[in-house]
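K.L.:
Please construct the entire structure, taking both the sequences and the accompanying hints into account.
Number of protein chains: 2
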Amino acid sequence: MKIICNQRILSSSINTVQKAVSSKTTLPILKGILLETCGQQLKLVGTDLEIGIENYIDAEIISKGAIVLSARILGDIIRKLPDEDVEIEVDMNNNATIRCANSEFTLIGQPAVEFPELPTVEESDAYKLPQDLLKNMIKQTIFATAVDETRPILTGVLMELQEESINMVALDGYRLALRQANIKNALNNKAVIPAKTLNEINRILEEENTDVEIFFTDKHVLFNMNKTRVISRLLEGEFINYEQIIPKEYKSRVKVNTKSLLGSMERASLLAKEGKNNLVKFSVRDELMTITSNAEIGKVFESVSIELEGEDVDIGFNSKYFLDALKIIDSDEVYLEFTTSVSPCIVKPTDHSNYTYLILPVRLVG
Amino acid sequence: MKIICNQRILSSSINTVQKAVSSKTTLPILKGILLETCGQQLKLVGTDLEIGIENYIDAEIISKGAIVLSARILGDIIRKLPDEDVEIEVDMNNNATIRCANSEFTLIGQPAVEFPELPTVEESDAYKLPQDLLKNMIKQTIFATAVDETRPILTGVLMELQEESINMVALDGYRLALRQANIKNALNNKAVIPAKTLNEINRILEEENTDVEIFFTDKHVLFNMNKTRVISRLLEGEFINYEQIIPKEYKSRVKVNTKSLLGSMERASLLAKEGKNNLVKFSVRDELMTITSNAEIGKVFESVSIELEGEDVDIGFNSKYFLDALKIIDSDEVYLEFTTSVSPCIVKPTDHSNYTYLILPVRLVG
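Each protein sequence line maps, in turn, to chains S and U. Be aware that the first sequence starts at 1, since it is given in my numbering, and climbs by one per residue. Be aware that the second sequence starts at 367, since it is given in my numbering, and climbs by one per residue.
None of these hints come from the bench; they were simulated from the model. Any given hint might turn out to be false.
Claimed, not checked - Mimicking DSS-like on lysine-lysine, the simulated pairs with C-alpha atoms at most 25 Å apart in a straight line are:
| no. | chain 1 | residue 1 | chain 2 | residue 2 |
| --- | --- | --- | --- | --- |
| 1 | U | K385 | S | K273 |
| 2 | S | K184 | S | K135 |
| 3 | S | K80 | U | K665 |
As the list claims (entries may be wrong) - Going by beta-carbon spacing under 7 Å, a handful of chain U positions derived as facing chain S:
| no. | residue |
| --- | --- |
| 4 | D442 |
| 5 | I443 |
| 6 | K446 |
| 7 | N468 |
| 8 | S469 |
| 9 | F471 |
| 10 | T472 |
| 11 | L473 |
| 12 | I474 |
| 13 | E632 |
| 14 | R633 |
| 15 | L636 |
| 16 | I663 |
| 17 | G664 |
| 18 | S669 |
| 19 | I672 |
Unchecked claim - Chain U is nowhere near these chain S residues, computed Cβ spacing over 10 Å in every case:
| no. | residue |
| --- | --- |
| 20 | I4 |
| 21 | L129 |
| 22 | E149 |
| 23 | K219 |
| 24 | L235 |
| 25 | I245 |
| 26 | E311 |
| 27 | D312 |
| 28 | T339 |
| 29 | V342 |
| 30 | S353 |
| 31 | T356 |
Note that the structure is a prediction, hence the values are computed from the model and not measured. Cβ atoms here follow ideal geometry from the backbone N, Cα and C, with glycine treated the same way.
P.N.:
Okay, structure coming up:
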């Protein structure tokens, strides 16, 4: 194999596929990146067997071939080369010589045949949606996935594809995030995608409205973004029937400026985090909501202007769960919907109905 | 005590004095910042008993007084407040109430009398030099101080004040950095300042040519930078007679572009750091210097254009010690001066004689 390509493009490609490479793997070949000529392009692949990332770059293919090189060392070397042509030549013994300007590296590689093949996902029946929309949907749900592995299905985000809409849902037993979008597609499907996969997808997605294509098999999902393809296993098992958790009615509804509430919550949480449970208390009265928290070292009293519809409310929350949602809601104002002091609170934007966030309260003592 | 001041100014002041506060201290009062009215100003003080930082800000002093508040919590709170007036009111029981816009915090403080007084340094016989010059001198020497504490005196930088010049010197047994500057001052002195102190000074110094005033006692040094004063203990003991270490002659002198050499060294060190000692080898011949390094995973060959005066050279170095110096030398070109393959190499800018860097070679086997 012998190829020539641009340093900057190669470095960026390594950077993309390196995300799937785990440094902790016990299988040495998985610490490497597969470089393989593919027509007039060079294909780079990284995988940890859970997720695989492929990226294609333009290159001058002088002779065909393939090799696996250490992701870390190759990445470091290419990143430090000047922005000029890079030549990579591989001999019969899997030694790769990398030449660029006044530099020449020789790296001992591994044979490409030992690199695991990524699962095959047939590219028919694409589900298409704009990259920036998917990016936003991931951002607004992924933080609500469970971190601990006691219920593995909750470490992923449920993706529900319907003919007229797409739903993404995450929940961890304390809160739930539901993002909906209206997309027409002739595909009905339902799958739970690991948060780790969506995290990597999110980094690759561009802030633009060109489509990403999604393909499913029973066990895998493939995201195709122009030059980059991400293949991941799906989480197995039945997702919780989330719809029945979300209350349909409320007794009190508060309308509040998102940034004001976020600022007050951030300050209140400075003391809340000194105590147990990050506990903050809301007192909702007429035109004012007060947010208070107590710790050994002191206390805080915040007041926020609101519009209240319904009854007064006294309720407690783990401030972290509120902050997570307020940080990713783009709308200027939100509704907070309450029923009783021990039933869930719903947070939603006032200007559209595409986002619903549910938080369980903390029971107040005394 | 009751004062009103601007949020942004107060936050920046806390940020400055907080640098002297250690979170690891066993003395609870040292986790605090002293706030004390001082004429029409508010004085903030942080100290870990080794170093103390005082900062003065303009404030409306409604009533005099002083208090000690947790540096971490106070810093977090003030940083999160809006950019408006902040009122701090302290009652007889050392409870501080902080009010700003719609926020009210109450923090339990500690009595100011329990806060340790900083050592007194009489402000006569100032040694003056421009802030940006001192900043540059610190940057070009501090990295060569010893990290391990086996010879405590080497964890500091020697400052030699003479009537016509100032020298700063650091060494750790493997390399030495000497920065000189021509400054006229009617003061002769010599002191070893802890690297930690100079690190903090460096953060406070501005990139401008207004003077910083330096005052010494036998045991302490005071840096006065307009609104901020830093007081530190000095390191005790005799510094090494560094002048006799620096060779006065050489057999070979190489002239080389600083950036080219830095680039090649950075790439070579990617493989050097995989092996022992970060070893890189230089081969100096006529118009070309080659830099090579070997590791289990591969090898690297870099070539750099040079002008050689004198004999060919083959010599090995720990690449880290070269990189440290090349990163902070501002000049476009440097001289490398060699005598034998086991004697020190001198690195110096070609366009002035204010900087001298010495590196011991690594003995090459075979």
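K.L.:
Could you run down the list of hints and mark each one as holding or not?
P.N.:
Right, here's what the structure says about each hint:
A distance of roughly 23 Å separates the Cα atoms of K385 of chain U and K273 of chain S; the hinted pair therefore holds under the 25 Å criterion. Straight-line distance between C-alpha atoms of K184 of chain S and K135 of chain S comes to about 18 Å, which keeps the hinted pair within the 25 Å bound. In summary, the hint linking K80 of chain S to K665 of chain U is supported, as the alpha carbons are separated by about 15 Å, within the 25 Å threshold. For D442 of chain U, the interface hint holds, the least distance from its beta-carbon to any beta-carbon of chain S being 5 Å, beneath 7 Å.
Hint on I443 of chain U holds. Least Cβ distance to chain S is approximately 6 Å, under the 7 Å limit. At about 5 Å, the closest approach between the beta carbon of K446 of chain U and any beta carbon in chain S falls short of 7 Å, and the interface hint on this residue holds. Hint on N468 of chain U holds. Least Cβ distance to chain S is approximately 5 Å, under the 7 Å limit. Here the hint on S469 of chain U is kept, as its CB sits about 5 Å from the closest CB of chain S, short of 7 Å.
Restraint check, F471 of chain U versus chain S: the minimum CB separation of about 5 Å is within 7 Å; hint holds. At about 5 Å, the closest approach between the beta carbon of T472 of chain U and any beta carbon in chain S falls short of 7 Å, and the interface hint on this residue holds. Interface hint at L473 of chain U: satisfied, since its Cβ lies 4 Å from the closest Cβ of chain S, which is below the 7 Å cut-off. Taking 7 Å as the C-beta contact cut-off toward chain S, the hint placing I474 of chain U at the interface holds, the least distance being around 6 Å.
For E632 of chain U, the shortest C-beta to C-beta distance to chain S is roughly 5 Å, which falls under 7 Å, so the interface hint holds. Using the Cβ-Cβ criterion of 7 Å, the hint placing R633 of chain U at the interface with chain S is satisfied: the shortest such distance is roughly 5 Å. At its closest, the beta carbon of L636 of chain U sits 5 Å from a beta carbon of chain S; the interface hint therefore holds under the 7 Å criterion. Interface restraint check for I663 of chain U: the shortest CB-CB distance to chain S comes to about 6 Å, inside 7 Å, so the restraint holds.
Checking G664 of chain U against chain S by beta carbon gives a least distance of about 4 Å; that is within 7 Å, so the hint holds. Because the smallest distance between the Cβ of S669 of chain U and any Cβ of chain S comes to about 5 Å, under 7 Å, the interface hint for this residue holds. Taking 7 Å as the C-beta contact cut-off toward chain S, the hint placing I672 of chain U at the interface is violated, the least distance being around 12 Å. With a closest Cβ-Cβ approach of about 19 Å to chain U, I4 of chain S is found to remain outside the 10 Å limit, as its non-interface label requires.
No beta-carbon of chain U is positioned within 10 Å of the beta-carbon of L129 of chain S; the least distance is around 37 Å. Every beta carbon of chain U lies more than 10 Å from that of E149 of chain S, the smallest distance being close to 32 Å; the non-interface claim holds. With 10 Å as the threshold on Cβ separation, the claim that K219 of chain S sits away from chain U holds: the shortest Cβ distance comes to roughly 35 Å. The Cβ of L235 of chain S sits about 36 Å from the closest Cβ of chain U, beyond the 10 Å cut-off, so the non-interface label holds.
The non-interface label for I245 of chain S is consistent with chain U: the shortest C-beta to C-beta separation is roughly 33 Å, beyond 10 Å. The claim that E311 of chain S is not at the interface with chain U holds, since no C-beta of that chain comes within 10 Å of its own (minimum 23 Å). For D312 of chain S, the condition that its CB be more than 10 Å from all CB atoms of chain U holds, with the nearest at approximately 19 Å. Here T339 of chain S stays apart from chain U, with its beta-carbon at least about 27 Å from theirs, past the 10 Å limit.
No beta-carbon of chain U is positioned within 10 Å of the beta-carbon of V342 of chain S; the least distance is around 28 Å. With a closest Cβ-Cβ approach of about 30 Å to chain U, S353 of chain S is found to remain outside the 10 Å limit, as its non-interface label requires. No Cβ of chain U comes within 10 Å of the Cβ of T356 of chain S; the nearest lies about 28 Å off, and the non-interface call holds.
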